[in-house]
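Enquirer: Residue numbers (numbering that gives the first Met the number 0), protein chains in the order written: chain C, 0 to 501; chain R, 0 to 500.
Among the clues, some could well be false.
[As the list claims (entries may be wrong)] Partial pick of chain C residues on the chain R-facing surface, computed with a CB cut under 7 angstroms:
(1) R171
(2) F192
(3) S435
(4) S487
(5) L490
(6) N491
(7) A492
None of these hints come from the bench; they were simulated from the model.
Quick reminder that beta carbons are idealized off the backbone N, C-alpha and C, glycines included.
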Amino acid sequence: MLTAPSLTYSLIAPMLIVLGGALVGVLVEAFIGRVHRAAVQLTISIGALLLALQQIWRIRNISSTTAAVNSVTIDKAGIFLQATVVVLGLVAVLLVADQDNFVGQASAVPGSNEEKSSLQEKSQQTEIFPLFLFAVAGMMLFPVAADLITLFVALEVFSLPLYLLAGLSRRRRLLSQESALKYFLLGAYSSAFFLFGAAFLYGYSGTISLSGISAAAGSANNVFLLIGIVFVSIGLLFKVGAVPFHSWTPDVYQGAPTPITGFMAAATKVAAFGALLRIFYIGFAEEQALWRPLITVIAIITMLFGSLVAIAQRDVKRMLAYSSIAHAGFLLSGMVALNKDGLAASLFYLFAYGLTTLAAFGIVTLVRDSSGEVSDLNRWTGLGKKSPLVAAAFSFILLSFAGIPLTSGFIGKFAIFSAAYKSGNISLVVAGVLSSAIAAFFYIRVIIMMFFTDSINDSVSVIIPSVKSRIAIIIATVISVILGLLPSLLLNAATTYANFIK
Amino acid sequence: MSLLTIVGGLPLLGALIVALIPSKSSEIIKRVALGATLVIAVVSIFLATGFDKNITGIQYVQSNTWVAAFNINYAVGIDGISLVLILLSTILVPIVVLATWHESDVGRWGTKSFYILILVLETMMIGVFAATDLFLFYVFFEAMLIPVYFLIGGYGTGNRSAAAVKFLLYSLFGGLLMLASVIGVYVIAGNQIGATFDLAKLATLQIDNTTENLLFLGFFIAFAIKAPLWPFHTWLPDAAKAATPGTSVLLLGVLDKVGTYGMIRFCIALFPDASKTFTPLIITLAVISIIYGAFMAIGQKDIKGLIAFTSISHFGFITMGIFAMTSQGMSGANLYMVNHGFSTASLFLVAGWMMIRRGSSTIADFGGLQRVTPVMAWAFFIAGMSGLALPGLSSFVSEFLVLVGTYTRYPVAAIIGTLGIVLAALYILIPIQKTLHGPITTGNENLKDLSLREKIAISPIILIIVVMGFYPKPVLDLINPAAEKVVVNAGFTDPIAKMGK
Numbered sequence: 000m001l002t003a004p005s006l007t008y009s010l011i012a013p014m015l016i017v018l019g020g021a022l023v024g025v026l027v028e029a030f031i032g033r034v035h036r037a038a039v040q041l042t043i044s045i046g047a048l049l050l051a052l053q054q055i056w057r058i059r060n061i062s063s064t065t066a067a068v069n070s071v072t073i074d075k076a077g078i079f080l081q082a083t084v085v086v087l088g089l090v091a092v093l094l095v096a097d098q099d100n101f102v103g104q105a106s107a108v109p110g111s112n113e114e115k116s117s118l119q120e121k122s123q124q125t126e127i128f129p130l131f132l133f134a135v136a137g138m139m140l141f142p143v144a145a146d147l148i149t150l151f152v153a154l155e156v157f158s159l160p161l162y163l164l165a166g167l168s169r170r171r172r173l174l175s176q177e178s179a180l181k182y183f184l185l186g187a188y189s190s191a192f193f194l195f196g197a198a199f200l201y202g203y204s205g206t207i208s209l210s211g212i213s214a215a216a217g218s219a220n221n222v223f224l225l226i227g228i229v230f231v232s233i234g235l236l237f238k239v240g241a242v243p244f245h246s247w248t249p250d251v252y253q254g255a256p257t258p259i260t261g262f263m264a265a266a267t268k269v270a271a272f273g274a275l276l277r278i279f280y281i282g283f284a285e286e287q288a289l290w291r292p293l294i295t296v297i298a299i300i301t302m303l304f305g306s307l308v309a310i311a312q313r314d315v316k317r318m319l320a321y322s323s324i325a326h327a328g329f330l331l332s333g334m335v336a337l338n339k340d341g342l343a344a345s346l347f348y349l350f351a352y353g354l355t356t357l358a359a360f361g362i363v364t365l366v367r368d369s370s371g372e373v374s375d376l377n378r379w380t381g382l383g384k385k386s387p388l389v390a391a392a393f394s395f396i397l398l399s400f401a402g403i404p405l406t407s408g409f410i411g412k413f414a415i416f417s418a419a420y421k422s423g424n425i426s427l428v429v430a431g432v433l434s435s436a437i438a439a440f441f442y443i444r445v446i447i448m449m450f451f452t453d454s455i456n457d458s459v460s461v462i463i464p465s466v467k468s469r470i471a472i473i474i475a476t477v478i479s480v481i482l483g484l485l486p487s488l489l490l491n492a493a494t495t496y497a498n499f500i501k
Numbered sequence: 000m001s002l003l004t005i006v007g008g009l010p011l012l013g014a015l016i017v018a019l020i021p022s023k024s025s026e027i028i029k030r031v032a033l034g035a036t037l038v039i040a041v042v043s044i045f046l047a048t049g050f051d052k053n054i055t056g057i058q059y060v061q062s063n064t065w066v067a068a069f070n071i072n073y074a075v076g077i078d079g080i081s082l083v084l085i086l087l088s089t090i091l092v093p094i095v096v097l098a099t100w101h102e103s104d105v106g107r108w109g110t111k112s113f114y115i116l117i118l119v120l121e122t123m124m125i126g127v128f129a130a131t132d133l134f135l136f137y138v139f140f141e142a143m144l145i146p147v148y149f150l151i152g153g154y155g156t157g158n159r160s161a162a163a164v165k166f167l168l169y170s171l172f173g174g175l176l177m178l179a180s181v182i183g184v185y186v187i188a189g190n191q192i193g194a195t196f197d198l199a200k201l202a203t204l205q206i207d208n209t210t211e212n213l214l215f216l217g218f219f220i221a222f223a224i225k226a227p228l229w230p231f232h233t234w235l236p237d238a239a240k241a242a243t244p245g246t247s248v249l250l251l252g253v254l255d256k257v258g259t260y261g262m263i264r265f266c267i268a269l270f271p272d273a274s275k276t277f278t279p280l281i282i283t284l285a286v287i288s289i290i291y292g293a294f295m296a297i298g299q300k301d302i303k304g305l306i307a308f309t310s311i312s313h314f315g316f317i318t319m320g321i322f323a324m325t326s327q328g329m330s331g332a333n334l335y336m337v338n339h340g341f342s343t344a345s346l347f348l349v350a351g352w353m354m355i356r357r358g359s360s361t362i363a364d365f366g367g368l369q370r371v372t373p374v375m376a377w378a379f380f381i382a383g384m385s386g387l388a389l390p391g392l393s394s395f396v397s398e399f400l401v402l403v404g405t406y407t408r409y410p411v412a413a414i415i416g417t418l419g420i421v422l423a424a425l426y427i428l429i430p431i432q433k434t435l436h437g438p439i440t441t442g443n444e445n446l447k448d449l450s451l452r453e454k455i456a457i458s459p460i461i462l463i464i465v466v467m468g469f470y471p472k473p474v475l476d477l478i479n480p481a482a483e484k485v486v487v488n489a490g491f492t493d494p495i496a497k498m499g500k
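Generate the whole structure from the sequences, applying the supplied hints.
Expert: Pasting the structure below:
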């Protein structure tokens, strides 16, 4: 007799709620009139995310390896990562809701009359909300996936909507579409790499579950394992933007609508690093001699390369892209540490960095001239005079990225590097410190431009943000400030939740 | 709550009050800032009177958990060395506020931000000297760069933003090297005695030689950039030239002392063996700084540049005194830190007044000030004499102690260092002669003498310089026990005793 598999719905409820919200969103597109759509969609998105957060809170003390027929592992670290994704999603959705960053009608050819009329009609592409929710759901699944197939499914579930969303910028649409195509093609390659590696891992261990791979350690031909690890890593390192798999990052960050860039930079990193952490801490921990040198080298190159190349950037979104590459290097250092401290540090870092990043991109959306967002840094000069508050907030965020004490970035960096030092990887600490010094240069240069340079006669100004953006930016900035002064609030939780189970 | 925390917290409260005043009433802001800093000065003197100098340990101790996960505490406490430096800071700030009443009027962001920055900076200056938790110290050490950065970049003159950036990048680089060492110490402590940042506990660590040397260097380079020692000094002249006189006073008078203070408190206390290893090198660098700073000062055409380079020379003396590892050298160096603070303050403030009146900072533009503005000229003269360590003025005592203390261990270094005193006569007397004496050069005829406000501002400094020259005992009594303790804890004994005279 065939027995129905036990899905333990209660444990995967947070993800199901978000997925459900996305499906309802699709129905809304079909059945609700255009006038009300945006408001309804936003309500559904926020509602689904809040409900998911509540469900995550409910299961916060439960751990299980058997959810959804053994393909999902609910454990402390997984729950923390899911909560991080949802919180970031909540802040990001408020930024996304500012419709004037998005194209009126995606199908209209750039520059055509159709496009003009869609803009005049103030039509909106409200499909971004369900797409956004699908991405969030995928990101929630990614760090709790317990086997390679689930990992792959999650990877695609959150990647595909992002490919689409990246192409929906209202201004500079060709650039946006180009970036979407680039992201899609390279993303498809990286998925292929991931699958290829997964096949080798299956060949090596005869199972697709991470704990099975870990249990098979030493039992079979190491070459298969090595190939498997390398290819799976390539697929994931692509998503986090580690060097040498970073080349899409600056273009996509620049081309995508800024709220989406912020969401990608913050939440994709959480999801992808969550998965990386789980795979390496659970699946490959027994074979660390094989991969640790590789990842260490990649971490060092990523930190230094990101910081160095960021110096040459003249566009704020590209600069933040390279800065995010450098931060990926820092996070990899935490992963290589392969101890509980490293895991706790990574969890803290991901949350703090994600919020700061959202605040940064949120502020970028506010600096505009008559034709839209101004991301050319040379035109940011004198912003400190025009709108001191926004410039001060952005400076604080940059100082946090730079890791100046009394910011959350500093605590994160300290946590990561003390974990790396503890694991004996002193080279990582030295490289991290050096690249921080390099990075400080370009963060500070932006502060100089805003505060110490007189503005050229230019129409650039900071618009008064909508209530939604304002809430998002204020929440993200305030939490960053609080985490800098009282890191214990999150650090204790990160330490308690720094636990993967097999 | 310890009184120390109150002293450190008061400036923040002052900053908050200033922040609540509307920006337009700049006169009220200035008065509130002056009032606040005066109150802080008085409370800090109260702190000093309550300090028991017969106890060599740390006093006014307070410790609260800050970040439990890393065992970071808000832990403060002072011994004699920290106390005198805190007093230096709290006394200098109100003087600076009063002396540079109009400095903030022309800045980029107006009066309000200026005084908020000054007050926030004061909290950090007190905090950095009071911290007994390594992490807390590091936080203050790095965070205090930010207000200074904005003070230089926003209110300075000339190429201010470039100078501010240079200052910040140099300091950040040093700070990040130190961060690597801080992490190293923290992890080693975690392996040996359990994770802690408590300085007293960290001093008991057993670290192998190679690691200790590297960790020492991380700290030392950060402090050598701050102090600044040759060859890490290049940011200082630029910063001092670009900053307003008031900012320069705080920068050279107090902030740079964090470097030398750090050498005593961290380099020597945490890594005595490595200190021993590197002492010859550091003494050499110190001697080079003394001579190099002096020669560069002689060649300066700009008054601010002159004072900056004399400071580099003086920091050479301080570093030499510290690493001579004798109780006399150590006491002398500590006393020097205080005296240099006041003497530089007087030089910069009077020079600042001269420059505002004349609209130029070039030495050659002045001349015959003695006849036009006698009070200002006398103030500058006394400041200059204190800078060249004239006997009877405060700097003499400390310079003498440093040289005696160094001679007993490193006679050659002390003798070359003495050359610095001779050069000091040159770099001070020549500018004094050019600016104060001789014929009145054109453009100087109608300069006004010091106003009442300026006289009130400068008189306490001159009083301190003179009194400390004749009667340094009260300060030395505070410093001596702590300084001796540093030397003894580092495993040194004074060589004089061995020679038996």
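Enquirer: Please verify that hint: C/S487, Cβ, nearest Cβ of chain R, below 7 angstroms or not.
Expert: OK, holds: C/S487 within 7 angstroms of chain R, min 5 angstroms.
Enquirer: Should the interface hint for C/F192 be scored as holding, given a Cβ-Cβ cut-off of 7 angstroms against chain R?
Expert: Since the shortest Cβ distance to chain R is 35 angstroms, the answer is violated.
Enquirer: Mind checking the CB of C/S435 against every CB in chain R and telling me if the closest is under 7 angstroms?
Expert: With a minimum Cβ separation of about 5 angstroms from chain R (threshold 7 angstroms), the hint on C/S435 holds.
Enquirer: A closest beta-carbon separation below 7 angstroms is what the hint needs, so does C/N491 meet it against chain R?
Expert: Hint holds; C/N491 Cβ to chain R Cβ min 6 angstroms, cut 7 angstroms.
Enquirer: Classify the hint on C/L490 as holds or violated, based on whether any CB of chain R lies nearer than 7 angstroms to its CB.
Expert: holds, 4 angstroms
Enquirer: Closer than 7 angstroms between Cβ atoms is the bar; does C/A492 clear it against chain R? Give me holds or violated.
Expert: Check failed: Cβ of C/A492 comes no nearer than 10 angstroms to chain R, outside 7 angstroms.
Enquirer: Classify the hint on C/R171 as holds or violated, based on whether any CB of chain R lies nearer than 7 angstroms to its CB.
Expert: violated, 31 angstroms
Taken one by one, the earlier hints fail for this structure at numbers 1, 2 and 7, listed in ascending order.
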